[in-house]
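Go by the hints and put chain B onto chain A.
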Amino acid sequence: MKLTKDVSKEDKKMLNSIFWRSFTVFGSRAGASMAHAPGFIYSIMPAIRRYYKNPEDQAEALSRHTTWYNITQNVGTFVMGLVASMEKKNSEEKDFDPDSIVALKTSLMGPLSGIGDSIFWGVLRVIAAGVGISLAAQGSILGPILFLIIYNVPSILTRYYLTYMGFTLGSTFIENIYESGSMKLLTKAASTLGLLMIGSMTASMVIFKSKLSIPISDGKPILIQTYMDQLFKGLIPLLVTLGCYWLLSKKVNVNWVLLGVLVLAITLGLLGVV
Amino acid sequence: MLKVALLAALTVFICYGGNWLFGQTMIERPLVVGMVTGFIMGDLHTGIIMGASLEAIFMGAVDIGGALSAEPVTATVLATTFSIIMNVNQKAALALAVPIGVFAAFISMFLKNVVMNIFVPIINKQARENNQKGLTFTHFFMWFLNYFIFSLVTFFGVLEGAQPVQALIKEIPDNLMAGLSATGGLLPAVGFAILMRMLWSKELSPYYFLGFVMVAYLNLPSIAVAVIGVIIVILNAYRDRQLLQIENNQKKVSVVNTEDSLANSEDKEEEDFFE
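Chains as they are written, first to last, in our numbering: chain A, 887 to 1160; chain B, 705 to 979.
So that you can see chain A by itself, here it is in the shape it has in the complex:
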């Protein structure tokens, strides 16, 4: 790939080291105040060691990154590469403002996590799980294995190339894709695919069957479920899912929604509806 070709041998060594270290970035979580700062420091340590020879400068750079850090980890490496390139500039240019490193890092957390979460959590994982579940439900070991492969191959490749992109393209790249509207297209594509997948999974995985029946004096009793299926297949699962969504969109805590569904299902069971 072109991205990795223009990078010098020493840079490559450093970026690869950052890439490998980035796998542990969420290993520790230092409370709500620092979040994943320790993992971030560990990940960019090779850059700090390389560009600052003086122990005091190294300490200053390390302290700079003890601030709150949290970005979807497969896209977070972009920021790690970017920070490495800025630390390099800071070590070379005397009038470079080191505060701008932290400022840029912090400003990218929201937007990058937004895209990263919806693509990796909302779409890729849902597709991988959809394939995995349908195989595993029949007891096939291919289910979990395919799930891991479908999710991890693209996400690890993204992690790798974004490390290099952050280092070589720098901060102007991010501004450009915002201004040209490409970011909006990317989000729309991700959401379209995600909603389609979730719709299909609502049909296949949310299950409701009533055993209520109307007895008839001479003949088979009429099952309510048959009527509901004729009306619209999967009506109850669809309504329950949309109901949960509506409650969540009204800012009802998810634990209450979970509890509500639990109580609803158990009550229906006690009443002999299911």
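In case anyone wonders, no lab produced these hints; they're calculated from the structure. Any given hint could be a false lead.
[Claimed, not checked] Label pairs and their calculated CB-CB ranges:
1) B:901 to A:898: 38 to 46 Å
2) B:947 to A:953: 36 to 44 Å
3) A:939 to B:726: 30 to 38 Å
4) A:1063 to B:848: 36 to 44 Å
[Claimed, not checked] Cut-off 20 Å, straight-line C-alpha distance, at most; resulting in silico cross-link-like pairs (PhoX-like, lysine-lysine):
5) A:974 to A:899
6) A:1070 to B:955
7) A:895 to A:975
8) A:1097 to B:795
9) A:939 to A:899
10) A:1097 to A:1119
11) A:974 to A:895
12) A:974 to A:898
13) A:980 to A:939
14) B:837 to A:939
15) A:1095 to B:795
16) A:1137 to B:906
17) A:975 to A:939
18) A:1095 to A:1106
19) A:939 to A:974
20) A:975 to A:899
21) A:1136 to B:906
22) A:1119 to A:1095
23) B:906 to A:1074
24) B:874 to B:795
25) A:1070 to B:906
[Unchecked claim] A short, non-exhaustive set of chain A residues, derived as facing chain B with CB atoms under 10 Å:
26) 909
27) 935
28) 1004
29) 1006
30) 1018
Heads up, the beta-carbon is just placed ideally off N, CA and C, and yes, glycines get one too.
Chain B only, in chain A's frame:
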């Protein structure tokens, strides 16, 4: 039961701790955890099938920014262990997994967001002193401590919880059991609702219903739905890009126009001045 409890706790440590040590590679998802638990407890087949059902239930249990609605690892390990070792009805074990997952999520969040704060001054001190080895050690020690403590929940859950659960399940009346089974069927709705909140917009909502009908009436497998989805996205992207280009060109034109009119008005003023 002590051996089972130890093995279950070890499974949680490997899957949950391993997931976060190795780049969130999704080995914490029920699909994988179910398989691992089944392998360790000696019934791979049941483990895989339990994993598939639990994956659907916990589909929406996403750990975003340290906030999670339900913690799937503990829930999957306990439900699968109960089902394999104690022959608990699978549907009942699935229903049991939900309250366990919610409870475990509280403990996990308390550990990560509150207890681990005690390391903040240590990290600050080590950074100030340029103690790079210390920082590396703290990073990995925090990982170990967090997931070790968390695995204890499962250890005591199996050790202390196994007998009450077994007794409970024996005495459950039929209609309550039916209710518990129905819970397993309806709970995925909550997970999908959480994901929908992330992706839903009025403009795109028809795609949700399209996906629903594709499976409810056309019975398409999920790979087919995914491929059709990618095709729709590509077709839309071409159109959207064209629209975007037109929009951007218009912006440029209008910028040029305003510059022209500004220049014209300045000309006029000059003319007025000379008249």
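Hint by hint, here is what the structure shows:
For the pair residue 901 (chain B) and residue 898 (chain A), the beta carbons lie near 41 Å from each other, so the given range of 38 to 46 Å is met. Against the hinted window of 36 to 44 Å, the Cβ-Cβ separation of residue 947 (chain B) and residue 953 (chain A) comes to about 40 Å, which satisfies the hint. Taking the beta carbon of each, residue 939 (chain A) and residue 726 (chain B) are about 33 Å apart, inside 30 to 38 Å as hinted. Between residue 1063 (chain A) and residue 848 (chain B) the CB atoms are about 39 Å apart, so this pair conforms to the stated range of 36 to 44 Å.
Proximity of residue 974 (chain A) to residue 899 (chain A) is assessed by CA-CA distance (about 15 Å); at most 20 Å being required, the pair is judged to hold. A hinted pair counts as satisfied when its Cα atoms are at most 20 Å apart, and residue 1070 (chain A) with residue 955 (chain B) qualifies at roughly 17 Å. For the suggested pair residue 895 (chain A) and residue 975 (chain A), the alpha carbons sit about 18 Å apart, so the restraint of at most 20 Å is met. Pair hint residue 1097 (chain A) plus residue 795 (chain B) holds up; C-alpha atoms about 17 Å apart against a cutoff of 20 Å.
Annotation: proposed proximity of residue 939 (chain A) to residue 899 (chain A) holds, straight-line Cα distance about 18 Å (limit 20 Å). The suggested pairing of residue 1097 (chain A) with residue 1119 (chain A) holds, with an alpha-carbon distance near 16 Å, which does not exceed 20 Å. Distance check on the hinted pair: residue 974 (chain A) and residue 895 (chain A) sit about 16 Å apart at the alpha-carbon level, within 20 Å; holds. Between residue 974 (chain A) and residue 898 (chain A), the direct Cα distance comes to roughly 14 Å. Compliance with the 20 Å bound is thereby established for this hinted pair.
The hinted pair formed by residue 980 (chain A) and residue 939 (chain A) meets the criterion: a straight-line CA distance of about 15 Å does not exceed 20 Å. The suggested pairing of residue 837 (chain B) with residue 939 (chain A) holds, with an alpha-carbon distance near 16 Å, which does not exceed 20 Å. Restraint check: the Cα-Cα separation between residue 1095 (chain A) and residue 795 (chain B) comes to about 14 Å, which is no more than 20 Å; the hinted pair holds. Proposed proximity of residue 1137 (chain A) and residue 906 (chain B) is supported: the alpha carbons are some 18 Å apart, at most 20 Å.
Between the alpha carbons of residue 975 (chain A) and residue 939 (chain A) the distance comes to roughly 14 Å, so the proposed pair stays at or under 20 Å and holds. Using a Cα cut-off of 20 Å, the hinted pair residue 1095 (chain A) and residue 1106 (chain A) holds, with the two alpha carbons roughly 19 Å apart. At roughly 12 Å between alpha-carbon atoms, residue 939 (chain A) and residue 974 (chain A) fall within 20 Å of each other, so this suggested pair holds. Taken as a hint, the residue 975 (chain A) and residue 899 (chain A) pair is honoured in the structure, with Cα atoms around 18 Å apart against an allowance of 20 Å.
Only pairs whose Cα atoms come within 20 Å are accepted, and residue 1136 (chain A) paired with residue 906 (chain B) is accepted, the gap being roughly 16 Å. For the suggested pair residue 1119 (chain A) and residue 1095 (chain A), the alpha carbons sit about 11 Å apart, so the restraint of at most 20 Å is met. For a cut-off of 20 Å, the pair hint linking residue 906 (chain B) to residue 1074 (chain A) stands: about 12 Å separates their Cα positions. Restraint check for residue 874 (chain B) and residue 795 (chain B): satisfied, since their Cα atoms lie roughly 14 Å apart, inside the 20 Å limit.
Only pairs whose Cα atoms come within 20 Å are accepted, and residue 1070 (chain A) paired with residue 906 (chain B) is accepted, the gap being roughly 16 Å. With its C-beta approaching chain B no nearer than about 4 Å, residue 909 (chain A) sits inside the 10 Å limit, and its interface hint holds. For residue 935 (chain A), the interface hint holds, since its Cβ comes within 10 Å of a Cβ in chain B; the closest pair sits about 7 Å apart. Hint on residue 1004 (chain A) holds. Least Cβ distance to chain B is approximately 6 Å, under the 10 Å limit.
For residue 1006 (chain A), the interface hint holds, the least distance from its beta-carbon to any beta-carbon of chain B being 9 Å, beneath 10 Å. Interface restraint check: residue 1018 (chain A) against chain B, minimum CB-CB distance 5 Å, threshold 10 Å, status holds.
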